[in-house]
Amino acid sequence: MAEYVLEMNGITKEYGQNAVLKDVTLRVRPGEIHALLGENGAGKSTLMNILFGMPVIHSTGGFKGQVVMDGANVKITSPMDAMSKGIGMVHQEFMLIPGFSITENIKLNREISKSWLASKMLGREMEVLDQNKMAADAKKALSSVSIGIDEYSLVGGLPVGYMQFIEIAREIDKANMKVMVFDEPTAVLTESEAQQLIGVMKSIAESGIAIIFITHRLDEVMQAADRITILRDGKLVTSVDKSQTTAEKLAALMIGRGEEGMMRVKARENEISDEIALKVRNLWVDMPGEAVRGINLDVRKGEIIGIGGLAGQGKIGLPNGVMGLYPAVGEAELFGQPIKLNDPASALRAGMAMVSEDRRGVGLLLDQSIEENIVFNAMQVHGDYLNGFLRLKNGRAIRKYAEKMIKELDIRCTSPLQPTGTLSGGNQQKVCVARALALNPKFMFVSEPTRGIDIGAKQLVLDTLVKLNREQGITIVMVSSELQELRSVCDRIAIVVEGKVSCILKPDSSDASFGLAMSGSKLSGGEQA
Amino acid sequence: MSRKQKKPGMKKRIFCAVVFALSAALILTSVLGFTLRTTKGTLGNLNEMRINAVLHAASDGLVESIAADAKGAKLKELRKLPNFRQMGMNEVEGQCQEAEDAARAEAESKYSGIMDGDTTKVIEKIAPLNSALEAYAAKEEAEQKVYAEISVKLYESVADWTDFAGENDDQVLSEKIISIVPEVKEAEHLLAGIIKDVRNIASEEKENDDEQMLNQLMAAVKGALINYEELRALDDDQLWGEMVNNVPELAEQEALKDTLITETRTYVENGANGVAEETEEAVEEISVEREVNYEYFVASSELDALDDQAKAAYNELFDELCVLIPDLSGLDKKMKNSIQATIENVVYSENLNFSERYGIYTDQKADSILQGSSKTTMWLAAYATQILIAGIALLLFALVNIFWRQLTKRFGVPRTIITLFFIYLCLAAELYNIYVPLMLSNVLVRVGMYGVLALAMLPGIQCGIGLNMGMTLGCIAGLLSTVIALQYDMTGFTALFFSCILGALIAIPLGWAYSLLLNRMKGNEMTISTYVGFSFVSLMCIGWMLIPFTNPKIIWLLSGRGLRVTHSLLGSFAHILDEFLAFEIFGIEIPTGLLLFFLACCLIMWLFSRSKVGIAMTAAGSNPRFAEASGINVNRMRTLGTVLSTIIAAVGIVIYSQAFGYAQLYTAPRQMGFIAASIILIGGATVSRAKVSHVIVGVFLFEGVLALGQQIANAAVAGGGLSEVMRIMISNGIILYALTQSGGGSRE
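Going line by line, the protein sequences match chains A and B.
Numbered according to the working numbering, the first sequence terminates at residue 529, and the numbering increases by one at each position without gaps.
Numbered according to the working numbering, the second sequence terminates at residue 1277, and the numbering increases by one at each position without gaps.
Please keep in mind that the hints were generated in silico from the structure rather than gathered at the bench.
Be aware that a few hints might be false.
Said to hold, decoys possible - Quick list of the computed label-pair ranges, beta carbon to beta carbon:
1. G99/A x N930/B: 24 to 32 Å
2. D23/A x R1154/B: 51 to 59 Å
3. N296/A x K1141/B: 35 to 43 Å
4. N49/A x Q1200/B: 51 to 59 Å
5. T1269/B x G157/A: 52 to 60 Å
6. E331/A x V1142/B: 27 to 35 Å
7. G99/A x R1154/B: 46 to 54 Å
8. R1154/B x V160/A: 26 to 34 Å
9. D23/A x T937/B: 27 to 35 Å
10. V160/A x T1269/B: 54 to 62 Å
11. G31/A x T1269/B: 19 to 27 Å
Even for Gly, the Cβ is constructed at its ideal location relative to N, Cα and C.
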């Protein structure tokens, strides 16, 4: 028997020009819990998609490298193929049918049937289900994940924690299971459930099944994993045994760019005053997938503060909540004046502006021209660019301002009349910034300003933000998933975990403290800035 | 766009080149033809054809006459035979035909030589006849115009012809007419005819009224009498008593007593079959616009004098023809008259164009004198227009084929096809000799008529509810205010503006309530608005019956309640906008007031679209989440757009009725939404994006195609109805196309 149950050697995957995996190797021994670590976008999902033979991989040109199971080269062509080869997956989103019973869900598409008169005459299609055998199997699988629940109850209406365990039970029930992938299984579980899950994982591993454990929580990794593989930017960083590392080291390796790729900006000349520009107390925002749960934050006048954190932790919910785009409760003050929540108009009138993360959805009128997009908010909120007795739009003033912004922000376009839908991502983002600036804001939220735009444009957008901050004294709250970006531009960086600020760091804080802060680890409080 | 940009293939190139070459050849040929028209040779040929045609007309008449005589003579001869009765029909017919053919052949050979005779004298007489005919025609046209003007004025001013019905004294009648149309005094010779006309109309109207009255009374009687068995046993007086008992109005109708009794008896005998249909039929009122009746036109003495001159000129010509063909003088009067009509037609062709003259002369076989090449040149000259049209059509076809991709990208598929269709229709109009100015006037009126209605679609699309099929709500508001104006006998601009303003006021709450519904059903607006539109029309079908209007002019005469289906606006505000400042240019009547009103509405909407609220509304429609993030209340903007759309629809239907001349209630407004939607879509709008210019372009294209298509369809295919089929096909097709495109309409 080979040393490794699964080897993925030299995996390289490109989507078009964009390499998402570069020569990644993953080796898993039988019966070990192997943690796979990495930031959002490090390439974990792509690696797993390759392992499962997902259609998305084949339809985009396949991959380079080889997959070896039990010492033999294998070609996995489809998820069904992967399953038959003994690879199972516990999904992040539950793949269960609510209207079916637990037994039916566990045995879905692998039903046990018995023959009877009609099936003898008409073939196997006519066989009936052997309910008793199936129930017995299901019961066995359930007890192996140690939850005591009747196998005949319907899945719909069960608590989320239970569903997670049923998913696991379903995978365990499959015969010849060799490798199981757990994709962030603890994300939706309570702490005690998470502990229970880790126990189950350990007992599964003891039975000889290898487990690939994908998670952001470093303390869980330290608790459960035998071996750890870290990916960063599509490259393999290292594979280490748990005994040879610590959570701090892992965090540093996960973030670990050090000075590399830092876009240093002009240093600040003047000191930031102590005056508070935005004060947020106990703010709850109901934004799907990015819920904010009682956040507290003080933003000082004249600074650029970064909001970082992993996807789904609520960092995007903050600007959307304050600006009134999603239902919010709590308190927020701008320069001492309370902001009326859930009312975008009054938020804008108070002197705030926002560049939305959803550029094409919320940020732009794609059919309308650049100039109309740029002056839209100023016209609606302040009544600018209207003239005459009838208060009609002042074409000349609009054109003048649009041309000025096009020049200042270097928006590449054929004319101010070009529809924004035909612009490239970076130029669209600049139009969004120009629109926010037309409001003459004292305070700006910039949410994911570099998402989906190329490197050169990224630099320009960031430079623009710094310039606005330095020259016009606009206080900027910048939300970004890219830590490097925040560290290069911001004066302070608040890391949001589970809808709350876990800690506020300086841009030159160590990689380890960022990594720990983002994984929500309680091992260290970070350096307070 | 996922479709790959392919270079046009070799086949397509060759095809286009061939079509190009063909069209170029045709166009060059037609240019040659047009040039030939002006050359001395062809003109000389044409004039020779005219003389030839005159001679042919005369000799052909003679030949036909001789042939007919021979046939008659043979028949007479056969009758005398003893075995005539035993002969079959076919045999008699065959023998007669034989005789006729023989006589014709003989006569033809006998008279074929006259063309070679001395025709100079005949030629001399043609010119004077032509000028005399011209003078007569000009004078007749002028006089008939006066007559028509007087008649039209009379028809429009008289609302109730019953005043004239009983009047036997010509003097009294003529005074009455003069008091209405003082212009008659300047053309007193017309008066006699007009009096006849008026008498005729009055008696017709009275007959209609009587018939209607009778129908209505019968309907009432039928409704009231149920017990047929008992009724059958009654004698006339008892039956009448029973009828009066049930329908008290009958007591005043002693005059109709006998007719009514007879009708009732038939009814009672036959039972109550088909009561409902008959009743409905009886009360259906048909109103037709009166046309000038030239039957009663009386010529003035000057015109008579001119007529005499023309006759004299013809007689001189005929005398000369008799010299040439002596047998002509022996013809009977009927044949002479027929020859006269033909010859006058041939002679009086000086003002016609080349091809028309050629056509007339060719009908008289005058082309037989053309020899060899002159035959071809004359043909080319005559058909130059047709050749040119064919050439242009081919050229256009080739061009469109080549630039198809660019055209469809710039204008969209439907607009390209419709525009192309329109151009081809214009070419066809030239071929079918349709009088273009009249057609253009027709198009202009229709543009004004439907323009405002189509404009109602604009705020709907802009605010994001899509095609507002529920604009029928507004139409009903407008119709309601129109009948209210009729109820109070309002007339003129007061009535028009009252209807518009009241209609708009009624439309506000309707549109508001409707928008609340739409705001709760985001994403399903098309379905909701179509259902709301249809069901509200049906609801109002009950409403029109129940609203207590009292003016007898607008309610059902008999039951005394409920509005009629169609209301003539003559005498109220029919056509007053059309005629406001109307003028004629190049034979095109410009309905100035109507067009100005439409353009003013467009201007207001354009200004609105440039205002802060207008811009906010458009943003709310094209990207609700963007608008919300900008502090705009999206629901309020949708409500605003819906209410605006409903208001414009209310004004639009008033303008429509004004131009149409009738207000149509009940199910008539149902289709309005579809027409308006297809207009704005043809103009280039999508279901999510529209501008004022789309309305203007669309209404010209759509109505142009319809107005022109209608005439060509009528010219090409006998029987009406085709244009209505075409309208439905175009309008529904275009809506369907727009809906299939709605997914890809916005930029990605």
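Verification of the hints:
Our hint of 24 to 32 Å for G99/A and N930/B is violated, since their Cβ atoms are close to 57 Å apart. A beta carbon spacing of about 42 Å between D23/A and R1154/B contradicts the range 51 to 59 Å that was offered as a hint. Separation of N296/A from K1141/B is about 38 Å and conforms to the stated range, judged on CB atoms against 35 to 43 Å. Distance hint check: the CB atoms of N49/A and Q1200/B are about 55 Å apart, consistent with the given range 51 to 59 Å.
A hinted range of 52 to 60 Å is violated for the C-beta pair T1269/B and G157/A, which are about 42 Å apart. The hinted range of 27 to 35 Å is satisfied by E331/A and V1142/B, whose Cβ atoms lie roughly 33 Å apart. For the hinted restraint 46 to 54 Å between G99/A and R1154/B, the CB-CB distance of approximately 33 Å leaves it violated. The hint said 26 to 34 Å for the Cβ distance between R1154/B and V160/A, and at roughly 29 Å that hint holds.
At roughly 48 Å, the beta carbons of D23/A and T937/B sit outside the given window of 27 to 35 Å. Between V160/A and T1269/B, the C-beta spacing of about 42 Å breaks the proposed range 54 to 62 Å. For the pair G31/A and T1269/B, the supplied restraint of 19 to 27 Å is violated, since their beta-carbon distance comes to about 58 Å.
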